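Asks: Listed here are the chains, written in short residue letters.
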Amino acid sequence: MSESNRNSPSTPNRATAHPAGRSMRALLRSRTACVGLGLVLLHLAVAALAPLLTSASPTANVPDDALLGPGSDHWLGTDALGRDVLTRVLYGGQYALAVSFAATACAVALGTVLGCATALKGGRTDGALMRVLDAVLAIPPILALLVVVTVLGAGPLVIVLAVTLVYTPQVVRVVRAAALGVAPLDYVTAARARGERTLPILLREVLPNIVHVVAVEFAMRASWVVLLISSLSFLGFGADPPTPDWGLMISENRTAMVVLPWATLAPIIALATLVVGLNLSADGLSRLWNVDRSEEAS
Amino acid sequence: MPRSPGDERVPPRIRRRTALLGGAAAVGAAGLATGCSRTGAEAAPSIPEGAATGTPADGGVLRIARPPASQAETLDPADSLSAYEYLGALYNRLVRMDDDGETVPDLAAEWESDDEGTIWTFRLREGVDFHDGTRFTSADAAYTLRRLLDPDLASPQATVLTPLLSSEGVHTPEPGVLQVELDTPNFEFPALLTNYHCYVVPDGSGDSIGESGIGTGPFRLEEFSPGGRGRVVAHDDHWEGRPVLDAIEMFAMTDIQARTNALLAGQVDLLSQTNLDFATARVVAASDRATIARSVNAQWYVLPMLTTAEPFTDVRVRRAMKAAYDPVHLLDVALQGTGVLGEDNPVPPDTPYWAEHTIERDPDRARALLSEAGRDGLQVDLYTSTYDPVFTPMALAFRDSVADAGIDVRVRNASADSYYTQIWMQRPLMATYWYTGRPADQLLNQVFRSGSSYNETAWSAPDFDDLLDAARSTADEDRRRRLYQDAQRLVAEEGGAMTPMFADRLVGLSREVLNYHESGFEFDYLNIGLRP
Amino acid sequence: MNTESTDPLVRVENLSVAYTSEGTDVPVVRGVSFEVAAGRTLAVVGESGSGKSTVAATLLAHLRHGSRITSGRVELAGEDLFGLDRAGVRRLRAHDVALVGQNAGHSLTPSMRVGAQIEESLLPQRLSRRERRARVLSLAGKVGLPEPERLLRRHPHQLSGGQQQRVAIAMALAARPRLLVLDEPTTSMDVVTQARILDLVADLSRELGLTSILVSHDLGVVSRMADEALVMREGAVVEQGRAQQVLTAPEHPYTRLLLASVPRLEDRGLAEVDQDGTRTVRPRTPVPADTPDAVSLQDVTVDHGSTRAVDGVTLRLRRGEVLALVGESGSGKSTLAWSLAGLHASSGGHMLLHGPTEGDLAATARRRPLDVRRRVQLVFQNADTSLNPRRIVREAVRRPLRFFGGRSRREADRDARTLLSDVALDPDLSGRLPGQLSGGQRQRVGIARALAGDPQVVVADEVTTALDVSVQASVLALLERLREERDLAFVFISHDLAVVRGIADRVAVLRHGRVVEEGPVEAVFSGPNHPYTRSLIDAVLDPSDTYAPGPAPSHRPPEPPPDTGDDPTWHDLGGGHRIRRWEETGAEASPDT
Amino acid sequence: MLLYTCRRLVSAVLTVFLSAVLVFAAVQLLPGDVATQVLGQDATPEAVAALRDQMDLNRPAAVRFLDWIAGAVRGDFGISPVSGEPVADLLWPHLRNTMLIAVSTVAVAVTSSVVLGVVAGLYRDRWPDTLISALTLIGMSIPEFVMATLLVLLLSITVPVLPAVVLDEATAPVADLLPAVVLPTIALSVVMTAYIVRMTRTSVIDVMASEFVTTARLKGLSTPRVVVRHALPSALLPTLNVIAMNVAWLVGGVAVVENVFNYPGIGQLMLESVHNRDLPVLQAIAVISALVYVLCNLAADLGAMALNPRLRTGGGSRR
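Line by line, the protein sequences give chains A, B, C and D. The first sequence begins at 89 in the numbering used here and counts up by one. The second sequence begins at 3 in the numbering used here and counts up by one. The third sequence begins at 801 in the numbering used here and counts up by one. The fourth sequence begins at 7 in the numbering used here and counts up by one.
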């Protein structure tokens, strides 16, 4: 039997606070989540404000300035086309964030809808869908991605589509597991006993209770997508030059790393901190909300 | 400045799955060369002009990293998927091309034509044996030539030779003499035989040559696996004398970055068919294991406009594009000066038949031309790839410089491996290059003549074709030169190819390598060696 | 170690424990002191959150992660347990103190065979392998595990709950401890199993002369087992003394309240408990015989896949009547209730709703007409999971109001407040989330939600099981009031016969999906009974009973009922009391295999 | 147990079959005629028709699928139109090479990550945990191509102890490839270890907080015994899945690392085939990867059965 006062209703500060304020405060108390979300927000801010942070153009080729080391004009030096490395790194988040977040959002949204629906529906539909998704999961994501991108060309929209295609099944699995955890609970049963339809049950009873799972899933998935998209850029399937994109920059400059370390290291650091931020967010949030992440294997 | 003549190159190998994505990247070659001294925080190590020379050690094994032509590559010289690096080591041609672009003897000691330029007689070198010990005779030479003409074999060189002769015209009056009777007069015929598809193989060896690699060259085959590794060893009885090296090992690597890393890590000694970008070249030159050798004007870069695709069907648009871009900017950004301007003429400067010609950059004229063509604010996609590290910088610099003329270029990156199957001759505008080292006649016929298989701009101009025909059948050298020069001007002014520059190839090689010499398609396998 | 018999074996002095949460210390135990003499049994009694398990754990030198001792000391035979080094703590646990936890299903390692787990406890005794085996076997015999050779090779999940607890006891005894700590050892068991396990522990303690500390919230268990008792509330001791004294003549008002709240078998109606602990039993007014039916069931069967959960049940429920369904888990009582509420389709028989609104209840909720659906409402067992944690109380009640009644949002809000005050909840709580309410409050919200449909019949599924006794009493009183005010018929499902005794008008005992006995509450509790019913009644522990130290009270043999009528299935005892005929075999009443 | 294993086997076969159907269907949907792709722009219509005939493109898709799957079961995946060789001849050596990396990576990653995960879980919130968690976070955040590039720079170029790239072709003897396996293994192990450590840590913490581990501790057992005998079997259960997923990922997803090292594995073959639109090879890779994925999951399930007796006896919970 539970001995602690942790859930005791008499603890005063809990009883009076507004729910939203409460979760905000809880969030602020979780250092992991704070640092993580802070990093992500910082990246978002830098990407959005890049034009204000630097006056240099991220794409102008200045042959006379090629391959400079760090100096007062170019804090992180220039690349082989004479472009300012710092400027390109600052702008670089725009592509990575926009594409990754759009792709993640699509995959998570679609996966959530499918996952909830199949969990509630159950029975043969669920069985069939899960079987098909299993088969999709069995195909290596990178292969599917490469094929889609080769066939349709490497535009941002195509990448969003391809990532959605590849990651939706995995989101479905996680969300379905979470929804299955909620579906047999008595408040859902109560709604079913009232004879409510599936959609209202989903929206009113199930979704609010797995929203935290979805949020953690989003953060986690986004970190994978950021890496995946940078890999695609690295393999030459990502952004078109001269787009300032971290993966592309790493790929463009890595050979010269010995003589020009910052042109490669700066985008690596930018990429890594974003991924660290997303991972910490996922960690912090899941610990805060007690999300079971064992389904996340994929 | 030495010039690089030569024969032909890349497109024949269209189906290769070469290279590297992953790899290298945009970036230009840079400045260290003449006139470009940067005062940046990082002074670049200078790039040596040529390879080290000296007296090499006796023997030794040279390791070459090479891009495979395909997983199905072969040692058959006539095949479109021939493994280029092996050919020069294993075989000889009747004739080859020297550094000045002149045709010089190889297995043919001397040759002459009748006055019409129709009947050519080659007197063959005596006492030459194939690796299997059989004696080389005119039968082998005739067999080689007839094979090239065989439509079933579909050799790329067939498209050049077939209009000139048929296999009935190949005669072997005696074992030491080969006689060729052309269908149409051609005073440039021997030059066409310097092509690397024209290596001589033993009579009747067609079915086995792809694997046996039996030739008369300085090395004989020990091992070869398509798309993989292989090894050739010195042929002691080579007619020019034994080569310096004991053996050469060849490693196929598609990724340009992988090749570079292999060189830097000391796993290989030479990167074949690999033009390093300037930044990488600096890294290599700075390494204590490897260095750079330049092959001057080894390739010309080109932005072919497909004249059969909108909007380049209109000659005004083509002229506008040519007037709009600034080749100096391209040369600076993409090559950092390690090359010379091309002036939209693909024939290398200072080679025989080269036409001097300049094109003025004039954005206003470009605008006017576009407006005349009803193409104000032209928008085009320019395809590029990491196939060659210069493509993307060149494309970006092009994009910069045509902006003044109101042309909006979108650079699209395409996969390197399928670049020559999916993009080349398919997309209206892309970046590509050719190796210099092919005779002007072959170049102009193969790349610009109506209907020719490598006519990458799909340009069709009867007056141009007529000029070429006239030049070939003209016995008088000066007159012939003028005709060829007229043809070049036509290409520059009306054709679809924008040729901004000729570039030096920056070849990565080990500091242990001595006497590396390569120009055009001629690689000196005989004298290359290792430091004692 | 000092083993002088005059000294108490256990001495706890002014013990305070706190845990740190988000930077602040939260006290869990405040200044607790007690002593236990060798050979005696001390019961630590309290409701949830009283700190009783924390105190018990300190005797094994164990604190929960994040907790610490803020003052005081815990001694075993004069040795300060929290002054021990690591090796000392291991020695203590391996030799001197052993624990039997609440839920053996969770406290046995799932991946190890139970024999190995018992044997592990013998390791410190440096026996040969053969000796250990022999000891394990004898221990297994001692705790009454049938077929020990076979059972010991099983994994925990292959044993029944009772067997698991026997294994846990064997494991504890293996160390030959001087002190046995029993933390709610029978809480998760049904009454019959509980009785057997308690008998076993009592016998062994006596036989081995063990000193025990028993933690329990169940005063009946305490009265059965303890020599001395200590009552805790919110971390502090409110009363301590000899068990009999504490249970029969409590001094502290809280103890009195606690005792008064315990429903008793001899109550002839529902006890009303005042804050000061006085209890008044209001005798039940019988429902007039001519009251029309609210629900009638005829040969109802319900299947779960291929297993038949409910097998031909015929019952009727009159308006304003409380019908109790009694049985162990797996008896089919919950399944039947859920079928009534429209959550399972029945597979045979008839289920009809009578009264102002009539309808067929054989269909699942979604297929019932809205007006039928609203007339049968369900209250859930577990108040923690019956409310959506993300929706505030008002929304939980408002939703059915709007769904069934088509009220506007404002009307629904107003009615929700009214309903909340009807279930004696402060309407100001309506803006809270369920997590901010106590268990009792949550259960009231659940009841209010059920009332929102304006039902004729309420199905209450173990609604008080998870509640502390004092809260249970008030919830029962609420249900009784609602029944009177609204003329509601209740199907009240419970395994606790003492609760049933107070609230029900009629009782139906289910076993393996069949009704084995049915009748008015008076008749059933006075007998004669089906042997199964009898075993359930006998297993009820009453805190005011005094149990002689010695063998457990022998179960009364089932009295053969006077043979009435010639129904081949039923003995009809008149007055609606009937008993299913049974075979005279011992198997009938032994669930603990 | 046998029944369960059989059921899992059947479902595994079904999944692979479904994947094959999906892959085949997807390939049919690709724009562009394979024959034209192969022959190039200048192909004569007759040549295209002949190749279509040779490649059986004129028969209905369903028939071709059945033929193909029948061949695949026998290990015959058809002929690669690009290289003209049997797909199987290309596939097996590459698969073998990737398995070399995969097996060594799994061996390294699983051992190190289980050890590290257990240490982190046991020393929760103390310095070993903080250190391990920080390292895994970094490991997860650096893309494997960066890790690979850095390793080459460090261990091949600056200090030339290991080969930077693989010079051998796919069919080289295993012994020749071994030195080349080291760097890819390190690069992949770092990433894989990071993921497994995190899962192990979480599950160790959960299990260590469970009642049965507390009970074992309160029995006075030594910590190693508690960890190894009581906690680990349960703690490793969720880890098994992660390991299985990672192994599957290794086979399908090492393309990037193989690319950096020029390693002749399945990833490299995949990249080449994507570029050349060598569809038969791609189909074969997809199906083989699906098979590996399914086998890994099967192995994980069987492993779970070994660790969890409840699964072994058909899951009958009688509480």
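Don't read these hints as lab results, they were simulated from the structure. Just so you know, these numbers come straight off a predicted model, no measurement behind them. Built from N, CA and C at the ideal position, the CB exists for glycine as well. Careful: at least some of the hints might be erroneous.
Unchecked claim - On the chain C side, residues computed to face chain A include the following (Cβ under 8 angstroms):
#, residue
1, Arg868
2, Thr870
3, Ser871
4, Ala1163
5, Arg1194
6, Arg1249
7, His1295
As the list claims (entries may be wrong) - Covered stretches of chain D, going by a simulated chain C footprint (3 or more residues, C-beta under 8 angstroms):
#, segment
8, 70–80
9, 112–125
10, 213–224
Claimed, not checked - Beta-carbon label-pair distances, calculated as ranges:
#, chain 1, residue 1, chain 2, residue 2, range
11, D, Val165, B, Pro177, 22 to 30 angstroms
12, C, His1312, D, Arg130, 45 to 53 angstroms
13, B, Asp480, A, Leu245, 54 to 62 angstroms
14, A, Asp152, B, Pro534, 19 to 27 angstroms
15, A, Thr286, C, Glu1211, 23 to 31 angstroms
16, C, Gly1148, A, Val201, 53 to 61 angstroms
17, A, Ala216, C, Ala1163, 58 to 66 angstroms
18, A, Thr286, D, Arg80, 24 to 32 angstroms
Asks: Next, verify each hint and record whether it holds.
Replies: Now for the hints, and whether the structure bears them out:
Against a cut-off of 8 angstroms between C-beta atoms, the interface hint on C/Arg868 is violated, since the closest Cβ of chain A lies about 14 angstroms away. At a threshold of 8 angstroms, the smallest CB-CB gap from C/Thr870 to chain A is about 15 angstroms, leaving the interface hint violated. Interface hint status for C/Ser871: violated, as the beta-carbon distance to the closest one in chain A is roughly 18 angstroms, over 8 angstroms. Nearest Cβ of chain A to the Cβ of C/Ala1163: about 10 angstroms, over the 8 angstroms cut. The hint is violated.
A cut of 8 angstroms between beta carbons decides the hint on C/Arg1194: the least distance to chain A is about 13 angstroms, and the hint is violated. The closest approach between the C-beta of C/Arg1249 and any C-beta of chain A is roughly 7 angstroms, which is under the 8 angstroms cut-off, so the hint is satisfied. Annotation: C/His1295 was flagged as interfacial toward chain A, and the flag is violated, the nearest CB pair being 18 angstroms apart, outside 8 angstroms. Residues of the segment 70–80 of chain D lying with their CB closer than 8 angstroms to a CB of chain C number 0, which falls below the three-residue condition for coverage.
By the rule of at least three residues with a Cβ nearer than 8 angstroms to a Cβ of chain C, the coverage given for the segment 112–125 of chain D is violated, with 0 such residues. As drawn, the segment 213–224 of chain D meets chain C at 10 residues by the rule of a beta-carbon pair under 8 angstroms; at three or more, the given contact holds. The beta-carbon spacing between D/Val165 and B/Pro177, approximately 59 angstroms, falls outside the hinted interval of 22 to 30 angstroms. Hint check: C/His1312 to D/Arg130, Cβ distance near 47 angstroms, so the stated range 45 to 53 angstroms holds.
Distance hint for B/Asp480 and A/Leu245: a CB-CB separation of about 59 angstroms, consistent with the stated range 54 to 62 angstroms. For the pair A/Asp152 and B/Pro534, the beta carbons lie near 43 angstroms from each other, so the given range of 19 to 27 angstroms is not met. Between A/Thr286 and C/Glu1211, the C-beta spacing of about 27 angstroms keeps the proposed range 23 to 31 angstroms intact. For C/Gly1148 and A/Val201, the hinted distance range of 53 to 61 angstroms is not satisfied, since their beta carbons lie about 38 angstroms from each other.
Evaluation of the 58 to 66 angstroms hint for A/Ala216 and C/Ala1163 yields a failure: the beta carbon distance comes to about 27 angstroms. Separated by about 46 angstroms at the C-beta atoms, A/Thr286 and D/Arg80 break the suggested range of 24 to 32 angstroms.
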